[in-house]
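S.K.: Protein chains in written order, with my numbering: chain A, 81 to 330; chain L, 95 to 447; chain H, 16 to 83.
What the hints contain is simulated information worked out from the structure, not anything from laboratory work.
Watch out, some of these pointers could steer you wrong.
What the hints assert, rightly or not - Some chain L residues near chain A, calculated using beta-carbon distances under 7 Å:
| no. | residue |
| --- | --- |
| 1 | G116 |
| 2 | G119 |
| 3 | E150 |
| 4 | N157 |
| 5 | L160 |
| 6 | G161 |
| 7 | A162 |
| 8 | A164 |
| 9 | Y187 |
| 10 | A291 |
| 11 | H294 |
| 12 | G295 |
| 13 | G296 |
| 14 | N301 |
| 15 | I302 |
Said to hold, decoys possible - Label pairs and their computed distance ranges (CB to CB):
| no. | chain 1 | residue 1 | chain 2 | residue 2 | range |
| --- | --- | --- | --- | --- | --- |
| 16 | L | N299 | A | R265 | 29 to 35 Å |
| 17 | H | Q44 | L | V317 | 44 to 50 Å |
| 18 | L | L318 | A | Y236 | 44 to 50 Å |
| 19 | L | W218 | A | D248 | 40 to 46 Å |
| 20 | A | K310 | L | V317 | 44 to 50 Å |
| 21 | A | Y315 | L | K326 | 52 to 58 Å |
Since the structure is predicted, the reported quantities are computational estimates derived from the model, not experimental observations.
Where is the CB? At the ideal position from N, CA and C, for every residue including glycine.
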Amino acid sequence: MAVVFQRPKSLLDVPTHYCPGCTHGIIHRLICEVIDEMGIEGDTIGVCPVGCSVMAYDYFGCDMIEAPHGRAPAVATGVKRTNPDKFVFTYQGDGDLAAIGTAETVHSATRGENIVVIFVNNTTYGMTGGQMAPTTLPGQVTQTTPFGRDPKVQGYPIRVCEMLSTLDGVALAQRVAVDSVPHIREAKKAIRKAFENQRDKKGFSIVEVLSTCPTNWGLSPVEALERLRKDMIPYYPLGVYKDKGDGKND
Amino acid sequence: MVLERNLMKGNEALAEAAIRAGCRGFFGYPITPQTELSAYMAKKMAKAGGVFLQAESEIAAINMVLGAAASGVRAMTSSSSPGVSLKAEGISYMAGSDLPCVIINVQRGGPGLGGIQPSQADYWQATRAMGHGDFHILVYAPCSVQEMVDMVSKAFDTADKYRMPAMILADGLLGQMMEPVTFPEIKAKQPEKPWAANGHGGKRNHNIINSLYLKPEVLQKSVLERFERYEKVKMEESDAESYLADDAEIVVVAYGATARVAKSAVNSARAAGIKAGLLRPKTLWPFPEKQLKEACKNAKAVLCVEMSMGQMVDDVKLALSCSKPVHFFGRTGGVVPKPSEILEEIKKIGGAR
Amino acid sequence: MAKMTVDFERCKGCGLCITACPKKIVELQKEKRNAKGYFTARCVDDGACISCAMCAVMCPDCAIVVTK
Numbered sequence: 081m082a083v084v085f086q087r088p089k090s091l092l093d094v095p096t097h098y099c100p101g102c103t104h105g106i107i108h109r110l111i112c113e114v115i116d117e118m119g120i121e122g123d124t125i126g127v128c129p130v131g132c133s134v135m136a137y138d139y140f141g142c143d144m145i146e147a148p149h150g151r152a153p154a155v156a157t158g159v160k161r162t163n164p165d166k167f168v169f170t171y172q173g174d175g176d177l178a179a180i181g182t183a184e185t186v187h188s189a190t191r192g193e194n195i196v197v198i199f200v201n202n203t204t205y206g207m208t209g210g211q212m213a214p215t216t217l218p219g220q221v222t223q224t225t226p227f228g229r230d231p232k233v234q235g236y237p238i239r240v241c242e243m244l245s246t247l248d249g250v251a252l253a254q255r256v257a258v259d260s261v262p263h264i265r266e267a268k269k270a271i272r273k274a275f276e277n278q279r280d281k282k283g284f285s286i287v288e289v290l291s292t293c294p295t296n297w298g299l300s301p302v303e304a305l306e307r308l309r310k311d312m313i314p315y316y317p318l319g320v321y322k323d324k325g326d327g328k329n330d
Numbered sequence: 095m096v097l098e099r100n101l102m103k104g105n106e107a108l109a110e111a112a113i114r115a116g117c118r119g120f121f122g123y124p125i126t127p128q129t130e131l132s133a134y135m136a137k138k139m140a141k142a143g144g145v146f147l148q149a150e151s152e153i154a155a156i157n158m159v160l161g162a163a164a165s166g167v168r169a170m171t172s173s174s175s176p177g178v179s180l181k182a183e184g185i186s187y188m189a190g191s192d193l194p195c196v197i198i199n200v201q202r203g204g205p206g207l208g209g210i211q212p213s214q215a216d217y218w219q220a221t222r223a224m225g226h227g228d229f230h231i232l233v234y235a236p237c238s239v240q241e242m243v244d245m246v247s248k249a250f251d252t253a254d255k256y257r258m259p260a261m262i263l264a265d266g267l268l269g270q271m272m273e274p275v276t277f278p279e280i281k282a283k284q285p286e287k288p289w290a291a292n293g294h295g296g297k298r299n300h301n302i303i304n305s306l307y308l309k310p311e312v313l314q315k316s317v318l319e320r321f322e323r324y325e326k327v328k329m330e331e332s333d334a335e336s337y338l339a340d341d342a343e344i345v346v347v348a349y350g351a352t353a354r355v356a357k358s359a360v361n362s363a364r365a366a367g368i369k370a371g372l373l374r375p376k377t378l379w380p381f382p383e384k385q386l387k388e389a390c391k392n393a394k395a396v397l398c399v400e401m402s403m404g405q406m407v408d409d410v411k412l413a414l415s416c417s418k419p420v421h422f423f424g425r426t427g428g429v430v431p432k433p434s435e436i437l438e439e440i441k442k443i444g445g446a447r
Numbered sequence: 016m017a018k019m020t021v022d023f024e025r026c027k028g029c030g031l032c033i034t035a036c037p038k039k040i041v042e043l044q045k046e047k048r049n050a051k052g053y054f055t056a057r058c059v060d061d062g063a064c065i066s067c068a069m070c071a072v073m074c075p076d077c078a079i080v081v082t083k
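Looking at chain A on its own, in the form it has when it is part of the complex (with noise of 0.2 Å):
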């Protein structure tokens, strides 16, 4: 009898703090899959953000820094520029990434900071109980636009892996979903590739992975996904915004 899937190994046998059908798990799954494919637990540092997934040090094998909101791509440039031969990845929400720590991501992004960028977007605060997001789609009802987000007054989503495409220093910009078991497989492709760039030192890799967060969306797990595929990859459209590696737009 052959086990076909199991836990990789690098992924702590804890339960996890997360709502059920939260989708943070299956991404943190893809990571240590990745991790321990290319067996770098005992080289990779990771850093978490503020948000759901600030425990996530209790999760991950490998040695782990919790920083402050939005600041991990800082935190994790000063892991990596003094430890040059270790695997430095971060994981951020929308929030963490895309407005507080916006700053903090276009600049490392563009230094060409040889790390990983695991970007969380499920379009919502999650932990703080579902406020706007930079992420949150027009017309999508949070605690802070309670009568939908109206672009004319709260403006509009960012739109983080074709806004960072733009930068020379990003070696590659890439969107996947968790939705369904074929977006999970190519999730975890794009973690990959990412993970190798920094292993041949191509610079700043962000993968952007649509994701739910049922219990603030306020719908069942099952039609957190349904909304995933129908309202949120319409307006941020899965695909490859930038990769150095594919000798198109070095």
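Starting from the known structure of chain A, fit chains L and H onto it as the hints suggest.
M.R.: Only chains L and H this time, still in chain A's reference frame:
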């Protein structure tokens, strides 16, 4: 071995001292009057095998320090008053994560954008409220370029020893001043850092650098543990220079560049027959309470002189438990007090003889 | 022999595995709640399971082990 004597600007001496103390990560952002420090690091750090990086902001700079320090590397940032305010968040996180580092504050006048001339108006910030939460940082107050050099390596060592951030609280006068310095040979080995997040290599459990504790009892325990360490720091690390204080009836208390001016005033007072002395705190946190009490044992009055509206004077009063009258003389906004002004104050307090 | 094994205490009953199963043989059992109060997933027809592990790939809680 003959130690080389160099004529150096304070800011550059701080940078050179840091490199010699084993600092291998410097992350800064330009601000007057400390910019020469970054410029020096930009020239010299790579040659020493370290990292110099100009960050996009003070906030990013302190968080780069956080990352480097978390991985066990000696790291430093430098700034001046408004920039240090921006670093407050990161410093609080570092204190809460028990991370050592060195922060240089070459103070300028405030509040707000203030001015670019020397000031000591960040005393409260440095010793009381360098960010949110219950914590302290070590605060060193040099009064010469040589002392800046000596205190940088002391700050790194002590920060490592107690796993806490340390600050060199200088001012624009010291930063811009040129004086001869010698760089002492560094003999002490850097301590092992088994707690560092630098890759476990499959040889140990994963290390976590973190300041989040959601259970109140657990957070309280971690703060209490830190404050036990602070008690030890208070016992062992406070430092001050006492000058002509033994028989002094009037003790002037001043630190940093102000102490140099105050020393002149004390000398003039002695020449005029007034028994004046000086107590110069070299550490501001921990505040040298014992040394102050000892220096004031024969004092009838105490005069605190600062380039601020009166901040350290609080600590002087607290240390003396209001047992002596404590007077204050200050200049602010970048105005440096004159020896003659301080002498006048001494005379006023002592009564003209 | 079971090919899909669900960790009873780890499963949060979110049901994402049900949507992923190509054989439509995964369901939430309604008999017993785990310590967290969730009805957990299970395979209702081991014989029909093709060990594709799509349920496990979709599971956010790494609560599923699949064997062949």
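S.K.: Each hint needs a verdict: does it hold in this structure or not?
M.R.: Results for each hint:
no.: 1; hint: G116; result: 12 Å, violated
no.: 2; hint: G119; result: 5 Å, holds
no.: 3; hint: E150; result: 4 Å, holds
no.: 4; hint: N157; result: 4 Å, holds
no.: 5; hint: L160; result: 5 Å, holds
no.: 6; hint: G161; result: 3 Å, holds
no.: 7; hint: A162; result: 4 Å, holds
no.: 8; hint: A164; result: 5 Å, holds
no.: 9; hint: Y187; result: 5 Å, holds
no.: 10; hint: A291; result: 4 Å, holds
no.: 11; hint: H294; result: 5 Å, holds
no.: 12; hint: G295; result: 4 Å, holds
no.: 13; hint: G296; result: 4 Å, holds
no.: 14; hint: N301; result: 5 Å, holds
no.: 15; hint: I302; result: 5 Å, holds
no.: 16; hint: N299/L - R265/A: 29 to 35 Å; result: 31 Å, holds
no.: 17; hint: Q44/H - V317/L: 44 to 50 Å; result: 46 Å, holds
no.: 18; hint: L318/L - Y236/A: 44 to 50 Å; result: 48 Å, holds
no.: 19; hint: W218/L - D248/A: 40 to 46 Å; result: 44 Å, holds
no.: 20; hint: K310/A - V317/L: 44 to 50 Å; result: 48 Å, holds
no.: 21; hint: Y315/A - K326/L: 52 to 58 Å; result: 56 Å, holds
When held up to the earlier numbered hints, the structure conflicts with hint 1 and nothing else.
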